[in-house]
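One line per chain: the protein sequences are X and U, in this order. Each residue of the first sequence is one higher than the one before, starting from 1 at the first, in the numbering used here. Each residue of the second sequence is one higher than the one before, starting from 1 at the first, in the numbering used here.
Hints are supplied without guarantee of correctness; some may be wrong.
Stated by the list, open to error - Per the computed footprint, the stretches of chain X lying under chain U, defined by three or more beta-carbons under 8 Å from a beta-carbon of chain U, are:
hint, region
1, 114 to 125
2, 133 to 145
3, 179 to 193
4, 240 to 251
5, 276 to 287
Unchecked claim - Taking beta-carbon pairs under 10 Å as the criterion, some of the chain X residues facing chain U (in silico):
hint, residue
6, Thr-16
7, Leu-54
8, Gly-58
9, Val-60
10, Ile-104
11, Val-107
12, Ser-108
13, Arg-110
14, Tyr-129
15, Leu-130
Claimed, not checked - Here are some chain U residues the structure puts well away from chain X; computed CB gaps all over 12 Å:
hint, residue
16, Val-99
17, Leu-120
18, Asn-194
These aren't lab readings, by the way, just hints derived from the structure by calculation. No experiment lies behind these values; they were computed from the predicted model shown. C-beta atoms are modelled at their ideal positions from N, C-alpha and C, and glycine is treated no differently.
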Amino acid sequence: MRAIDARGIAALVCLTALALVPVIAAAADAPFYVGLFARVMIFAIAALSLDLILGYGGLVSFGHAAYLGIGAYAVAILSFHGVTNGFVHFAAALAAAAVAALVIGIVSLRTSGVYFIMITLAFGQMVYYLGISLNQYGGDDGLSIGRPSDFGGLVDLADPTILYYFVLACLALFLCLGGRAVRSRFGVLLQGVRSNERRMVALGFPVFRYKLAAFVIAGAVCGVAGALFANLTLFVSPGIMHWTRSGEIMMMVILGGIGTLLGPVLGAAVYLLLESVLSRWSEHWQAILGPLLIIVVLFSKSGLMGLIRAPRPPHG
Amino acid sequence: MDPGLRRDDNGVAAGRAIAMIYVIEQVLNGAQFGVMLFLMAAGLTLIFGIMNVINLAHGSLYMVGAYVAAAVFGATGSFLIGLAAALAAAIVVGIALEVTLFRTLYARDHLDQVLATFGLILFFNEIVRILFGATALYMRVPDFLNGRVEILPGAPYPTYRLAIIAVGLAVALLLYLLIARTRIGMLIRAGASNRVMLGALGVNVTLLYTAVFALGAALAALAGVMAGPIFTVESGMGESVLISAFVVIVIGGIGSIRGAFVAALLVGIVDATGRAYLRPLLALFTSRAAADSAGPALASMLIYILMAAVLFVRPQGLFPPRGR
Chain X
1 MRAIDARGIA ALVCLTALAL VPVIAAAADA PFYVGLFARV MIFAIAALSL
51 DLILGYGGLV SFGHAAYLGI GAYAVAILSF HGVTNGFVHF AAALAAAAVA
101 ALVIGIVSLR TSGVYFIMIT LAFGQMVYYL GISLNQYGGD DGLSIGRPSD
151 FGGLVDLADP TILYYFVLAC LALFLCLGGR AVRSRFGVLL QGVRSNERRM
201 VALGFPVFRY KLAAFVIAGA VCGVAGALFA NLTLFVSPGI MHWTRSGEIM
251 MMVILGGIGT LLGPVLGAAV YLLLESVLSR WSEHWQAILG PLLIIVVLFS
301 KSGLMGLIRA PRPPHG
Chain U
1 MDPGLRRDDN GVAAGRAIAM IYVIEQVLNG AQFGVMLFLM AAGLTLIFGI
51 MNVINLAHGS LYMVGAYVAA AVFGATGSFL IGLAAALAAA IVVGIALEVT
101 LFRTLYARDH LDQVLATFGL ILFFNEIVRI LFGATALYMR VPDFLNGRVE
151 ILPGAPYPTY RLAIIAVGLA VALLLYLLIA RTRIGMLIRA GASNRVMLGA
201 LGVNVTLLYT AVFALGAALA ALAGVMAGPI FTVESGMGES VLISAFVVIV
251 IGGIGSIRGA FVAALLVGIV DATGRAYLRP LLALFTSRAA ADSAGPALAS
301 MLIYILMAAV LFVRPQGLFP PRGR
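Let's have the full structure, built from the sequences with the hints guiding it.
Here it is, written out as structure tokens:
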């Protein structure tokens with residue numbers, strides 16, 4: 001019980017710190033940071049959704065950016081056709097990403113190991129090429145969104161600060177739901193599949209259905225992150241679904257700590273802040289980031305969360 | 001006979017001949033893309049089959065090959081010197097990577113391998129930008145392969161593309177002979193079945209791994225050199241080929257060279273013919289506007305749909321390797 005409390009307190013500290021960002025940014029007259037941290041939280045949601053299947057389910061999905069793109073494109077395409085209702089936008093983003101994850105999951109979950117990595121990567125690339133060939137929606141050049149999702153006066157997402165707190169509320173919601181999910185029967189089963197799938201099958205659990213359900217939930221949550229991203233940038237292009245984006249999201253999970261809830265949030269923050277600092281310092285920042293990532297992978301098994309809390313037996 | 005009717009007949013016949021030539025051209029384009037995919041997929045599947053490591057940076061070796069060939073060819077004016085330099089550079093880079101990084105990665109899980117080699121890709125893409133500049137390099141077709149060959153009367157086809165197909169098929173044959181008929185090939189096959197036993201029998205497994213990695217690097221660089229005059233030589237050029245090669249491996253069965261060969265040609269031809277014929281085919285059933293928008297979209301997804309279909313019927317691929 002005490003461990004859960006500690007985790008809850010850590011999450012609260014984290015969310016409070018994030019809530020103070022616009023206040024500090026306003027005081028320091030640096031509105032740039034509001035946008036940057038909104039981006040961090042959106043990627044934190046995406047990384048959190050990936051961690052559900054990667055960290056808890058042991059499924060190395062390398063096509064997660066596809067759902068981010070599908071969610072963003074759902075908002076952009078609806079706006080393009082004159083639908084501005086925010087509830088419709090977010091419902092469509094969630095549903096479209098869930099359906100895509102269902103179809104991709106049914107095919108790719110029939111395999112495992114390295115096959116699964118390659119297939120999810122290939123499907124991610126398929127969705128990327130689909131985005132490029134959608135000529136009526138901008139193709140390679142992308143699509144601008146006229147106005148953010150309209151919630152009929154409830155929240156005005158055109159205001160950067162309100163958008164920021166809206167994203168924060170979504171992150172808090174998903175952290176809370178994620179915390180409940182991983183402690184539920186569903187979450188415990190999923191972790192059982194990760195540590196020994198054959199035994200779970202032998203015990204009579206419908207393992208495929210559980211994995212597929214987790215895959216679809218992760219896709220749907222990432223779709224919501226995509227819808228938020230579309231509202232932040234008011235522009236979508238196939239670039240958001242490029243396979244390197246899937247790699248980045250995966251890197252955030254590993255950097256923060258795989259199989260933890262706050263890890264992906266921490267990882268997204270460190271990754272994007274590092275990117276922001278390095279890219280200001282040198283245009284060739286990826287030549288530094290690449291080896292840095294290799295070092296993290298080789299020498300730090302449990303990421304930043306592993307540095308913070310007491311060591312636990314390794315898994316995965 | 002009515003002369004007008006006769007002329008129409010001739011017109012139809014000529015139209016049919018042109019359509020036939022177009023089909024042959026598309027199949028050859030597909031075969032040319034297919035053999036390049038095979039060179040990539042063969043290296044990947046060898047490295048995976050023997051060392052059990054998934055190497056995303058294989059596309060970077062392809063890129064290194066293309067860049068070195070373009071630079072040396074441009075400086076010396078000799079394509080063959082460029083080719084030799086590219087192969088040498090890729091082998092050196094491959095061995096350096098194997099010794100410094102991959103040896104540590106063999107014992108790690110696939111997730112670590114994916115992430116570490118992802119880091120390598122970021123590094124290599126930026127290094128070529130630093131060394132060769134951000135703009136794409138231009139590589140011309142070598143003079144002795146410039147021009148066209150009449151594959152059928154009235155159907156010229158670029159000599160360079162035919163040469164790619166020939167080189168690809170020759171390398172496939174050599175690779176088959178190497179693996180099936182030589183002592184090194186025997187060791188490679190033994191390493192794929194049981195590397196612990198191979199080591200216990202006194203074979204230097206460490207050296208064998210380095211050799212296989214260097215072979216894979218050379219194959220990737222060869223594909224990159226041949227791709228140079230066709231595609232642009234730019235940072236990140238290896239990635240789309242790499243992912244297509246993954247599709248090939250998944251369809252063919254991981255660890256199977258024969259499967260990679262069949263699947264590479266299949267993927268190449270399906271891709272080329274899909275891009276050429278899907279739009280007119282759809283126009284037969286739907287409106288022209290719908291075909292114009294859905295045709296290219298479907299064509300770009302076709303090889304992934306093919307992969308999904310194959311997996312649905314045979315989750316292990318067409319030629320699953322035995323004994324593992």
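Hint check:
no.: 1; hint: 114 to 125; in the structure: holds (count 9)
no.: 2; hint: 133 to 145; in the structure: holds (count 4)
no.: 3; hint: 179 to 193; in the structure: violated (count 0)
no.: 4; hint: 240 to 251; in the structure: holds (count 5)
no.: 5; hint: 276 to 287; in the structure: holds (count 4)
no.: 6; hint: Thr-16; in the structure: violated, 31 Å
no.: 7; hint: Leu-54; in the structure: holds, 8 Å
no.: 8; hint: Gly-58; in the structure: holds, 9 Å
no.: 9; hint: Val-60; in the structure: holds, 5 Å
no.: 10; hint: Ile-104; in the structure: holds, 9 Å
no.: 11; hint: Val-107; in the structure: holds, 5 Å
no.: 12; hint: Ser-108; in the structure: holds, 8 Å
no.: 13; hint: Arg-110; in the structure: holds, 5 Å
no.: 14; hint: Tyr-129; in the structure: holds, 4 Å
no.: 15; hint: Leu-130; in the structure: holds, 6 Å
no.: 16; hint: Val-99; in the structure: holds, 15 Å
no.: 17; hint: Leu-120; in the structure: violated, 6 Å
no.: 18; hint: Asn-194; in the structure: holds, 19 Å
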